[in-house]
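Asker: Listed below, chain by chain, are the residues.
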Amino acid sequence: MAAISRQFNCSSCRLEITAQPSPLSRWAKRPILKSVDFLLSFQDLSGRHHEPLEIRGDQAQLQVLSETVSHYVQNVLGQSLTTSVFGVPWTTTLTPSDTPSIPGNEPQDWAARVEIDSPKILPEQSPQTTQMGSSPATMANQADAPTANPDSPYLYPRSLLTHNLVLGTLTTNTDDKAIPLKTSQLFDLVSALDNCAAELETLPLPMPTRRPALPIWASSAAAIVLMVGVTTATLQITQKAPPGNRDTVTTASHSQKTQPPVASAEVDSVTSAPSASPTPTDQSSSSAAKGSPQPTAAASATAPNSKAAKAETSSQQESPVSPSEAPPDSWFLASPSPSLVKPKQEEPSPSSQPSEQDQAIAMADQPTSAQETAKPSAPSAALPAAPPTAAEPSPTGASVDTESEKVSEQRDRRSPEMLNRQAPTTATHSYASALAPQVVAISQYIRQRWQVPVGLSQPLQYQLTLNPNGSLKQVQPLNLVATQYLPQVPLPAAHQPFIAPFQSAQPALVRLVLQPNGTVQTFVEAKANPKKN
Amino acid sequence: MVMDIPLHQTATPQGKMVSLPLIDQTQPDHSQLDNIKAQLDLVLLALEALAGIGSEAVLQAAAELNLQEVVSDRVALWRLRQSNPLRRGTGGRKKLDIEEARSLVMISCHLAQQHQGMIREAVELLEAIAQTHCQPYQVALLGDYLDNFTNTYQERMAEDTLSMDALTDLALKLLIDLLFYSNSQGPRRLWMALLDRANHA
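Line order of the protein sequences matches chains A and B. Residues in the first sequence are numbered consecutively from 88, following the working numbering. Residues in the second sequence are numbered consecutively from 61, following the working numbering.
Chain A on its own, in the form it takes in the complex (with noise of 0.2 Å):
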């Protein structure tokens, strides 16, 4: 766009402006100038008779310049006529050399007045000093271009009819910082750049940036902070991996961590003895005929199938296998391990198994498994099957009598040779005894939703350990059969409380055996015994 230029003529100067027209103008009344440049220049100043004075500059010196001399001029215009005319005696102002005190000589005295074309009277003198009182000398702070910015351009008076203007660093034709101009010259500066104002319109400048310059180990520290969050944002999206996966993750760990069934033989033999014992099973009854309370599942036991009964019937009839005499495999028997009775098993077993994935696998579908198996269940029980937790005292009744009764004659059955391994001790009877309604819970959990599966020919066994809030923490199948057939067994889900809650600080193990013929056995094995580790 072509460039436009417009001159401000007065009398003794002219503005002359150089500016590149905006777009913005066609939406503007007034023509929006931006690039300006401009050319002051005066003529018949004072010591130039031929040669005018011109004076350059970008936009912001124009603006600065405009404002300088409209405020200038309100200043001189501003000045109280009780200061200028009335405020000093001119006569003190005046020493007599420099005025005749001649009475009459009143031209002379106007004229000093008036004008007073000395340098005394500058911005830093003295008002008692100056011929027009203090307000030269005030106006001239007023000005006061100079204490703001020296290199900005400023005025300061001589007197009522003469002005200095600083150029400051406007380009200029002359060596002179300071333009002397007449009253007249001053108004004609003024009207110039009022009538530029006025017509025209600059596009406003933009402000200098105040904002502090960033350290230099600002975009640094950003940069490693952002890598730090994405990094950390990455790490948890793929580590993070659905719920079923990170059940099978506990549980493969889990399964790691706990020792082979080698030596839970060994450990069965020894430890595996109170949970033979009656006392658990007298206390069950014992209670459940207080009316105390007892697990629901305890209630919802009245229930069990017809299979399960005759199941149980026929478990009867065969010769009661115990845990010890189930048929060991070669990896039951891979490696040994002490650690089994640990209540805490975080020992990893040094020697990977090559059933751990099955394993694995089996625990991750278990969850799915025991609630597919425990919702048909449900409706077909008598009572509320809802979950079995020790929080809802169940009703007492002579089914549940009748339930821990055959429990117990259960156990009674296998007592014996349990009891002859091993005597329990006081602590081990105690703790025995603290979990027997757990033991009879699970093993009515377990009966309710079990079913035998076919081509079954040997008992399985597992090794529950319990938290003590009612809920299974780990799953051990103690012999192949029952790595095999895991996903079949109707086990609660893992850290969902199933059965009442047992005042312990470690987790309870509880020994699962699954008959062929259908029968639920549960058993405590002992509590984890320090000096065995």
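Derived from the structure by calculation, the hints contain no laboratory data. Warning: the hint list may mix true and false statements.
What the hints assert, rightly or not - Calculated cross-link-like contacts (lysine to any residue; reagent style SDA-like; alpha-carbon spacing at most 25 Å):
1) B/Lys233 with A/Lys264
2) B/Lys233 with A/Asn251
3) B/Lys233 with A/Glu154
4) B/Lys233 with A/Lys560
5) A/Lys264 with B/Leu201
6) B/Lys233 with A/Ser307
7) A/Lys560 with A/Gly542
Said to hold, decoys possible - Which residues of chain B face chain A? A few of them, derived with a C-beta cut under 10 Å, are:
8) Gln99
9) Leu102
10) Ala111
11) Gly112
12) Met178
13) Arg180
14) Leu232
15) Lys233
16) Phe240
17) Gln245
18) Arg249
19) Ala253
20) Leu254
21) Leu255
What the hints assert, rightly or not - Here are a few chain B residues that sit away from chain A, every Cβ distance over 12 Å (derived from the structure):
22) Gly114
23) Ser115
24) Ala136
25) Arg153
26) Ile158
27) Leu186
28) Ala188
29) Gln191
30) Arg257
Remember, it's a predicted structure, so these values are computed and weren't measured experimentally. Here a beta-carbon is modelled for each residue, glycine too, at the ideal position from N, C-alpha and C.
Given the coordinates of chain A, assemble chain B onto it according to the supplied hints.
Answerer: Frame of chain A; chain B shown alone:
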């Protein structure tokens, strides 16, 4: 004596500076208006003394500025100017509201703009004779102006205690100011000058 001039007593330092006098909603208080009333009358007096502006010209200017409601006739104009506390008789009794002050400012600047050439000539003459150390009375235009101003002032103002030098200085100061009131930004500058002076006094 100088200190007895009522002009000194009318202003109090309670005034406030405003940026746009004609559209600003900040109204000066009564003490400022007192000072403003005197100065407005003096500006008109300077114009009257320099260009021979009478009431007809003022009313004509008011009509051109659509200010007939404020300055409708000579009586209204006389009452407005009579609000000057320096005036004889009932001077200063009338209160000048903001619209009346604004009207007088507009009229004064309009008349100054109309007679800008004469004002400029007078100022340039003053600048010229200042360099030659001549008396302003020796120049016709300035002499007439000073005579008219002095006579009218002494005729109308109550306390005629100003010396001739003070009256001359006042007249020349008003003449120089008239030049700056005669351009496009004159009304704004006059209004702000009135407030500045009221604030400074």
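Asker: Are the hints correct? Go through all of them and say.
Answerer: We went through each hint and held it up to the structure:
no. : hint                   : result
1   : B/Lys233 with A/Lys264 : 28 Å, violated
2   : B/Lys233 with A/Asn251 : 19 Å, holds
3   : B/Lys233 with A/Glu154 : 23 Å, holds
4   : B/Lys233 with A/Lys560 : 104 Å, violated
5   : A/Lys264 with B/Leu201 : 35 Å, violated
6   : B/Lys233 with A/Ser307 : 66 Å, violated
7   : A/Lys560 with A/Gly542 : 29 Å, violated
8   : Gln99                  : 7 Å, holds
9   : Leu102                 : 8 Å, holds
10  : Ala111                 : 17 Å, violated
11  : Gly112                 : 22 Å, violated
12  : Met178                 : 13 Å, violated
13  : Arg180                 : 6 Å, holds
14  : Leu232                 : 7 Å, holds
15  : Lys233                 : 6 Å, holds
16  : Phe240                 : 6 Å, holds
17  : Gln245                 : 5 Å, holds
18  : Arg249                 : 5 Å, holds
19  : Ala253                 : 4 Å, holds
20  : Leu254                 : 9 Å, holds
21  : Leu255                 : 8 Å, holds
22  : Gly114                 : 24 Å, holds
23  : Ser115                 : 24 Å, holds
24  : Ala136                 : 26 Å, holds
25  : Arg153                 : 22 Å, holds
26  : Ile158                 : 19 Å, holds
27  : Leu186                 : 6 Å, violated
28  : Ala188                 : 9 Å, violated
29  : Gln191                 : 7 Å, violated
30  : Arg257                 : 5 Å, violated
Taken one by one, the earlier hints fail for this structure at numbers 1, 4, 5, 6, 7, 10, 11, 12, 27, 28, 29 and 30, listed in ascending order.
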